[in-house]
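Engineer: Taken in sequence, the protein lines are chains A and B. For what it's worth, my numbering labels the leading residue of the first sequence as 2, then goes sequentially. For what it's worth, my numbering labels the leading residue of the second sequence as 20, then goes sequentially.
No wet-lab data here; the hints were simulated from the structure. Where hints are given, some of them may not hold.
[Unchecked claim] Not the full set, but computed from the structure, chain B residues with beta-carbon under 7 Å of chain A:
hint	residue
1	61
2	65
3	68
4	187
5	219
6	355
[Said to hold, decoys possible] Just some of the chain B residues that point at chain A, by a computed CB distance under 8 Å:
hint	residue
7	346
8	348
9	352
Cβ coordinates follow ideal geometry from the N, Cα and C atoms, glycine included.
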Amino acid sequence: METSQMQKPLLGGKLSDESFITVFMVGVLIVVFGIACIFVPNFYKPQNMLNLITNNWYIIVLGIGITFVMITGNYDMSVGGNIALTGVLSVYFCQGVNVSQNPLANGLGLPYILAIGLALLCAMGVGAVNAFFIAKLKVPSIIVTLGTMMLARGAAQVITQGAQRNTSLPDAFGVLGSLGIPGTSIRLPVLVMIALIILAFIFEKKTVFARRIYLIGANPVAARLSGVNVGGYLTALYIVSGLLAGITGILLASEFEAGVSNRAMGYEFDALVIVLLGGISITGGFGSVLGMFVGAIILSVVTSAATGMLFSPDWQFTLKAIVTFIAILTQRFALDKRKG
Amino acid sequence: MDSITTGVSSKEQPNVTTILKESTILQMDRSATLRANIKRFYIYIVLVLIVLVFSLMKLDQVTFFERGHFLSPDSIINLLRSAVPILTLSGAFTLLMISGYIDLSVGSAMSLAAVVFAWLILNGFSFLPAFVITLILGAILGSLNGYLVMKLRITPVIATLVTLSLFKGIALLIVPDGSSAIKGSAEKVMPAWINDYARKDVLLGLPWAFWVAVLVILLLVIVQRKTLLGKYATAIGGNRIAADLSGINAVRIVGLLYVMVGFFAALAGMARASYMSLGDPLSGDGMELDCIIAVLLGGTAFSGGEGSVAKTVVGALIIICVTIGLMTVIPAYWQTMAKGGVLVAAVTLNHLLVREKAKA
Numbered sequence: 002m003e004t005s006q007m008q009k010p011l012l013g014g015k016l017s018d019e020s021f022i023t024v025f026m027v028g029v030l031i032v033v034f035g036i037a038c039i040f041v042p043n044f045y046k047p048q049n050m051l052n053l054i055t056n057n058w059y060i061i062v063l064g065i066g067i068t069f070v071m072i073t074g075n076y077d078m079s080v081g082g083n084i085a086l087t088g089v090l091s092v093y094f095c096q097g098v099n100v101s102q103n104p105l106a107n108g109l110g111l112p113y114i115l116a117i118g119l120a121l122l123c124a125m126g127v128g129a130v131n132a133f134f135i136a137k138l139k140v141p142s143i144i145v146t147l148g149t150m151m152l153a154r155g156a157a158q159v160i161t162q163g164a165q166r167n168t169s170l171p172d173a174f175g176v177l178g179s180l181g182i183p184g185t186s187i188r189l190p191v192l193v194m195i196a197l198i199i200l201a202f203i204f205e206k207k208t209v210f211a212r213r214i215y216l217i218g219a220n221p222v223a224a225r226l227s228g229v230n231v232g233g234y235l236t237a238l239y240i241v242s243g244l245l246a247g248i249t250g251i252l253l254a255s256e257f258e259a260g261v262s263n264r265a266m267g268y269e270f271d272a273l274v275i276v277l278l279g280g281i282s283i284t285g286g287f288g289s290v291l292g293m294f295v296g297a298i299i300l301s302v303v304t305s306a307a308t309g310m311l312f313s314p315d316w317q318f319t320l321k322a323i324v325t326f327i328a329i330l331t332q333r334f335a336l337d338k339r340k341g
Numbered sequence: 020m021d022s023i024t025t026g027v028s029s030k031e032q033p034n035v036t037t038i039l040k041e042s043t044i045l046q047m048d049r050s051a052t053l054r055a056n057i058k059r060f061y062i063y064i065v066l067v068l069i070v071l072v073f074s075l076m077k078l079d080q081v082t083f084f085e086r087g088h089f090l091s092p093d094s095i096i097n098l099l100r101s102a103v104p105i106l107t108l109s110g111a112f113t114l115l116m117i118s119g120y121i122d123l124s125v126g127s128a129m130s131l132a133a134v135v136f137a138w139l140i141l142n143g144f145s146f147l148p149a150f151v152i153t154l155i156l157g158a159i160l161g162s163l164n165g166y167l168v169m170k171l172r173i174t175p176v177i178a179t180l181v182t183l184s185l186f187k188g189i190a191l192l193i194v195p196d197g198s199s200a201i202k203g204s205a206e207k208v209m210p211a212w213i214n215d216y217a218r219k220d221v222l223l224g225l226p227w228a229f230w231v232a233v234l235v236i237l238l239l240v241i242v243q244r245k246t247l248l249g250k251y252a253t254a255i256g257g258n259r260i261a262a263d264l265s266g267i268n269a270v271r272i273v274g275l276l277y278v279m280v281g282f283f284a285a286l287a288g289m290a291r292a293s294y295m296s297l298g299d300p301l302s303g304d305g306m307e308l309d310c311i312i313a314v315l316l317g318g319t320a321f322s323g324g325e326g327s328v329a330k331t332v333v334g335a336l337i338i339i340c341v342t343i344g345l346m347t348v349i350p351a352y353w354q355t356m357a358k359g360g361v362l363v364a365a366v367t368l369n370h371l372l373v374r375e376k377a378k379a
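Just chain A, same shape as in the assembly (with noise of 0.2 Å):
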C-alpha cells in the first residue's frame, strides 16, 4: 500500500529533479538555436546542425568521464594533457627504428595495434596516479589534477622535443580518424561518441554501480559507513577518465596523423564548462550524461553562432565564462523555483 501510494506522484509524471535540469536546459537550447537562427544566415540548415554535433565529439566524449568524476564531488583536469600525451605515444610507438637522422622520425617501430594499446594504458596510468592521490592520499583533486596535467603535457612535449612528430608513420595509423560514412560528415569518431553516450546513458540509468557513485557524491560518509568501497570506485572513474581521453588523443593524432605535444590546450576547460552547462554539481551527487550533451550542444551553438556573427576567436574565453555563470545562476535559480 504504501510503496504504490510513495511511487504515485512519480508515476503520475513528476520529474526527479536531474531530468528538470535536463529539460530547462533542452529549452533554453531551443531558445539560443533560435536566436542564433535570427542573427546568423544558414544556421538553421541540417548539415549546420549535425556540425554543431559532429565537430565537439572529443569533448563530449572528454564529458563523459568528467561528468561521472564531478558527481562525486571531485575536478579531473589532467585530460587535456593526457590526449597530448596518448597522441604523442600512440605516433612514438609505432615510428620506425632507425629511419632517419631526425630523432623526431625515430620512433619503437611497434606495430599500430600494440602502439594503439601501450598508449591507452599509459593514458589510464594517468588516471591511476590521480587516484591514488586523491583516493589513498585524500590531496584535494583540483590540484593533483593540474599536477598530472602538467606532467602528462610535460612528457608529451619531452618526447615531442616541444613540437610534433609526423614522419615515418605506418600506412595504417591515419585509418582510425579518416573512416566515415561515405557523403556525410559523420566519422568514425563521432560514431564512437555516439556509441559511448548510449553505454554511459545505460550505465547511469541501468546499473548499481552508477547508483552508488550518486551516493558517494551526496555523502561520501554515508556511503563509507555503508559499505561502498569509495576509494575503488573513485580508483574506476579516474581510470575510466583517463581511459576516455586516451581515445581522444588517439582519435585526434590519427586524424591529423601527427602527435602534437600542444594538442587539446584547454580542452580540460572545455568539458567543464559542457559538465556545468547540463546542470551537474561540484557539491555532488547531481547530474546526468544527457544534461551533459545538451550542455555540449549549447556551448556548440554559442560558439560557432558566434563565429558566424563574425566575433573575432578571441572572443571564445569571454564568451564561455559568461555563458557559465548564467547557466549555473539560472539553474539554481530554477531548482529554487521548483522546490518551492
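Assemble the complex: chain A is given as a structure, and chain B must be docked to it using the hints.
Structural biologist: This is chain B only, laid out in the frame that chain A set:
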C-alpha cells in the same frame, strides 16, 4: 616469603608499566617533535639543497662566485628580479588558502593588469596614474571573485576557473587583432621609462618592483601574525561553522582576502609588464600553479586553518631557483614536466608533513 615477593612484585609491576608507558609516551613525543622539527625546517633545507645542486652543476665550467655561476651576484640579482611577480602575489594567496579558499584566476588577473597597464602607458598616461588605475582594476577583479564565491556561493574552484577564462578573454580582446601583445609600434612608441619600475637599479642592484615586493611580504607577514584579519583567516579555515558561530563575518573577511589577491595580482602584473616593456595577455599563464606550489611547499594545509606567509616566500624562492636553474642545464621543453613533478612532490611532502584536520 610468597606474600613478600608478591608484595614486591605488585609494587614493582605498576612501576614497570609506568616506565613502559612513559617511554612510549616519550617515544611518541620524540617522533612528534621530530616531525614538528622536520616540518619547521625542511623547507629551508630544501632551498639550500637546490641552490647547492645548481651551483655544483656549474662548477666545472666556471669558478665559484664569478659571472655566470648560479651564485654569482649577477645571477642572484637576475633570479630575484624574475621572482618579483610570485613574491608579490604569493603572500596574499597564502592568506586566502589559510582561510580554506582558492583563487585560480590570479594568472589571468595578472595578464589583464599587465595588458591594461601597458595600454595606459602606450596611450600617454604617466606612470603614477596608470599604476593607480591598474591597482584599482585589480581590486575590482578580486572583488568580482569574492562576490561570486561568497555572495553567490559558487564553489571557489569553479568560480575562479571561469573568471580565469573571463579575465584572459578580456585581455585578449584589448590586444588589437593581428598583434600578440600591447607594445610599441611605428606610430605609437612605448616610452622607455616603462622599464624603470622593474629594471632600474635603485638599491643593491635591485629595482623598485623588488623592494615593493619585499614591503608587501613584510606587511602580509605582520597581517598574518599580528592582526585580527590573520587570526580570522585561520579561524575560518580551521572551522567555518565555528567561526560563523563566534561572530566572525566570514563573507566580509574572505571577500576582503579575494580583493587583496586581485590587488596584488595587479601589482605583480605591472612588474611583469614593466620588465618586458609590453602587455602580454598570456604573461600570467600558470601563475596560479606556481602560487599553489609555493603555498604547499610552505606547509599550508590544503583545507586551510594552518599556514605561514613567510614560509610561502621560501617556497616561492624554491620554485624560482628550480625554474631558472633548470633553464641553464636542460632544454626548455623539459620545463612543464619539471614543474608538474615539483607540484606532485610538493603535494606529497605536504601530505606527509602537514596533519590534515579531521575529515568531517
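Engineer: Are the hints correct? Go through all of them and say.
Structural biologist: Evaluated hints:
no., hint, verdict
1, 61, "18 Å, violated"
2, 65, "17 Å, violated"
3, 68, "21 Å, violated"
4, 187, "5 Å, holds"
5, 219, "33 Å, violated"
6, 355, "4 Å, holds"
7, 346, "14 Å, violated"
8, 348, "14 Å, violated"
9, 352, "3 Å, holds"
In this structure, the earlier hints numbered 1, 2, 3, 5, 7, 8 are contradicted, and the remaining ones agree with it.
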